[in-house]
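Following the hints, put chains U and E in place on chain S, whose structure we already have.
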Amino acid sequence: MPSALINVPKKAKRGDVIEIKTLMSHIMETGYRHTASGDVVPRDIITSFTCRFNGAEVFRADLYPAIAANPFITFFTTVTESGKFEFEWSGDKGFSETAQASITVE
Amino acid sequence: MRIAACIALLTAMAGAALATEIPLSERRSGYSFMSADTRAMQDEDTANPGMLSVLDGETLWKRKAGTADKACADCHNDARVSMKGVAAHYPAFEKALGKPVDLEGRINVCRTNHQQASPFAYESRDLLALSAYVAQQSRGEPIAAGDDPELAPFVEKGHALFMQRQGQLNLACTNCHDDNWDKKLAGSAITQGQPTGYPLYRLEWQALGSLQRRLRACITGIRAQAYDYGSLELVELELYLMTRARGMPIETPAVRP
Amino acid sequence: MVIVRPADATPAMLQTAIRNVVGEANVRTGKVKLDIPPLVENGNTVPMTVSVTSPMTADEYVKSIHVFNEKNPQPNIGNFYLGPRAGRAQVSTRIRLADSQKVTAIARLSDDTFWSATADVVVTLAACTEEAI
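Chains as they are written, first to last, in my numbering: chain S, 45 to 150; chain U, 217 to 473; chain E, 4 to 136.
Just chain S, same shape as in the assembly (with noise of 0.2 Å):
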């Protein structure tokens, strides 16, 4: 059951440069700590993030076990037109989770 917190402006202007926020639950576990009785615990992280707007790559990134729990990510866009920003997180252990915003332009 992941949740993932979008922030998206529900309306902008042509051209604006708007900010968007993510955050996505994931324990993100950097498969370098031990159990007490010296097993090692498997890793089991969110290794990419994608953003699509209307379908075309707008951010990525690569993510490895130095990013904290419940990876938080925000970055910049510019909008162009009205349309669905599509988010995607994938991972260790088959990890697959999408989120969608859309945005109107004025």
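Just so you know, these hints were derived from the structure itself, not from any lab.
Heads up, a few of these hints could be off.
[Stated by the list, open to error] The calculated lysine to aspartate or glutamate pairs, modelled on EDC-like cross-linking and capped at a C-alpha distance of 20 Å, are:
1. Lys65/S <-> Asp259/U
2. Lys105/E <-> Asp253/U
3. Lys65/S <-> Asp253/U
4. Lys66/E <-> Glu63/S
5. Lys74/E <-> Glu420/U
6. Lys57/S <-> Asp136/S
7. Lys66/E <-> Asp106/S
8. Lys54/S <-> Asp253/U
[Stated by the list, open to error] Beta-carbon label-pair distances, calculated as ranges:
9. Leu128/E <-> Gly75/S: 36 to 44 Å
10. Asp62/E <-> Thr142/S: 29 to 37 Å
11. Val297/U <-> Glu63/E: 53 to 61 Å
The C-beta atom is built at its ideal place from N, Cα and C for all residues, glycine as well.
The following block gives chains U and E in isolation, referenced to the frame of chain S:
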């Protein structure tokens, strides 16, 4: 032997004389001890990882459970209305049990009695999420726990536990959180130990956690044996802490270092 | 028998990680701003913002930002791929720092030049922490 006992008594008395309850005007949330960066995480919902649990809790609120096949929402409807201010009054006296229960305990009473479902494990993801969702409905409401006269003996017991030296370091809660909250221990602010934002997201934990988890960590820190999750001692400590924080606004889900 | 567990990324590992990104190119100091608290309360969650001075036009923009550390078990932190339509070359995230150390951000511009900024972070250890796991 008698001299040693005498010294111990004197030390205890000196400690008791120093320990005075912090007046309302001087009560400070852990928030005020934090760096600007950590405050910023709590200030904006999209930046606050605790909000992810609140979202999970909202889902659970509406999900049917148990042999009664009822969701929380089937009895309590819209939590934004029915749960507003509720967490500010917990722990509360539970008549059927003859003792106080904290918010987590109350949720499990509901699960057992009304949903006829198995109680959530302490510190489980689901229990934390539902507690966070319910408590978030009281964000900004002043803490008002301990009004019920039935609670008086339990508040008193919690207070006694707060004042009682224990563990290999022979420290009581009061020695740090009443007497030295304006100082630092290693690099960290000691703080007043005001329970205004639970369950909260602790950067150390990299997860949401309950007040009971925090209390257990503190007790382990003074090298004493921590009370079990769900024990009456922990609920009494929670209850005393909430009466001690009376009037302070709820911050759930808070962020702390 | 003595077993040595590689606890930290070595300077050589850091150099290799950087070379994997920049190749043989020269990395110059400048254009990049790395905002990270000099003293952090907990190394598990350290807020960080990287911004790059660039007009962000179709002809002149930031292609990517790469962030590295000196002393975690692994030298990479994250790679962020932008483009001219980003409008503003700035990304923020939260990172883990196992110890007090240097953090380096390197930006690749559209003309394939590389620019960097480095910051020192002191990680204080909390006095009362729970046992790990």
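Hint by hint, here is what the structure shows:
1. Lys65/S <-> Asp259/U: 14 Å, holds
2. Lys105/E <-> Asp253/U: 19 Å, holds
3. Lys65/S <-> Asp253/U: Roughly 16 Å between the alpha carbons, so the hint for lysine 65/S and aspartate 253/U holds.
4. Lys66/E <-> Glu63/S: 18 Å, holds
5. Lys74/E <-> Glu420/U: 19 Å, holds
6. Lys57/S <-> Asp136/S: Cα-Cα ~38 Å, so violated.
7. Lys66/E <-> Asp106/S: This hinted pair holds, its Cα atoms lying about 14 Å apart.
8. Lys54/S <-> Asp253/U: With a Cα-Cα distance of about 27 Å, the restraint between lysine 54/S and aspartate 253/U is violated, given a limit of 20 Å.
9. Leu128/E <-> Gly75/S: 36 to 44 Å: 22 Å, violated
10. Asp62/E <-> Thr142/S: 29 to 37 Å: 33 Å, holds
11. Val297/U <-> Glu63/E: 53 to 61 Å: 54 Å, holds
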